[in-house]
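Construct all of the structure, not just a fragment, from the sequences and the given hints.
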Amino acid sequence: MSSPERLAYWYLRLNGFLTIENFVVHDDMTANQRTDADILAVRFGNRSENLTKPMVDDQRVIDSSHFCNVVIAEIKSTDCALNGPWTNQRDRNVERVLSAVGVVPANLLYDAACAIYKSGRFEMDGVMIRLMAFGDVRSRITPEVEQVTFDEMIGFIWERFREYNLQKKSIGNWAPDGREMRQLCPSPNTSLDDFRTAVRRLFGLRPEPPNRDVLL
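Just so we're aligned, residue 1 is where the sequence shown starts under my numbering, counting upward by one.
Just to be clear, a hint being listed does not mean it is correct.
[Said to hold, decoys possible] When the alpha-carbon atoms are kept at most 25 Å apart in a straight line, the in silico DSS-like pairs for lysine-lysine are as follows:
| no. | residue 1 | residue 2 |
| --- | --- | --- |
| 1 | K118 | K76 |
| 2 | K169 | K53 |
| 3 | K53 | K168 |
For the record, the hints were derived by calculation from the structure and aren't laboratory data.
Put into C-alpha cells, the structure is as follows:
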C-alpha cells in the first residue's frame, strides 16, 4: 500500500510538474527541522507532452498565464488543510522556502511571503507561487488557497491513461506504486468507478470520501 502523498505526487507529475517530496525547511542556527512541505513542485509555461497530440493538463492545478508555476503542496488524508507553519507569519517558514527555491530575489522575499500568508499566492514577472491543499474533501481554509480532492486527481489520471493508452504503457522506470496504478487501467474501457475504487485502496484512502463539502 502506498500513501495519499504519493497519489498527489503522481497527479502533479502527470501534469508536467517537476517535484521534490518532503521538502525540509531547516532552522537557521540550530540542527532542528522547522517544518516540511509534502511536495514542492514547479511547472513551466511551455510544457507540452506529445508533439503529435499534446496532452491536456488539468486546469485545477496548472497556471498557463505564468512561465514559472511553483506549488507548495500540503496533503491530508481527510479534509484539505494547511499546517500551522504555513499560516503563522512570525515563523517565517515561507520566506525560508522561497529563499531555498531561488525564484524570488532576496529584496522581495518579505513581500512575497506576506502575500502568500495573506492570500496563498504571489505573482511576479512571469512567476506564480501558490500554496495548495490536497485532501479527500474541501474545507474552509485561511488563506483561501486552491484545493484539489483525491477523486478529482483520480478522475484526471484515469482520463490520461485512457486517452493516451499506448503512450503511457512504457513505464518500466516508474516507481512501483505508479506501475501498479497504471495496471489498474489496462484499457480505455476500464470504468472510472472500478479505477477509483482500486486507486483509493492502493494509496491508503478510505473507500469513500466523507459525505460533506463545506467549501461552497
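(message) Taking the earlier hints as the rules, which of them does this structure contradict?
(response) none
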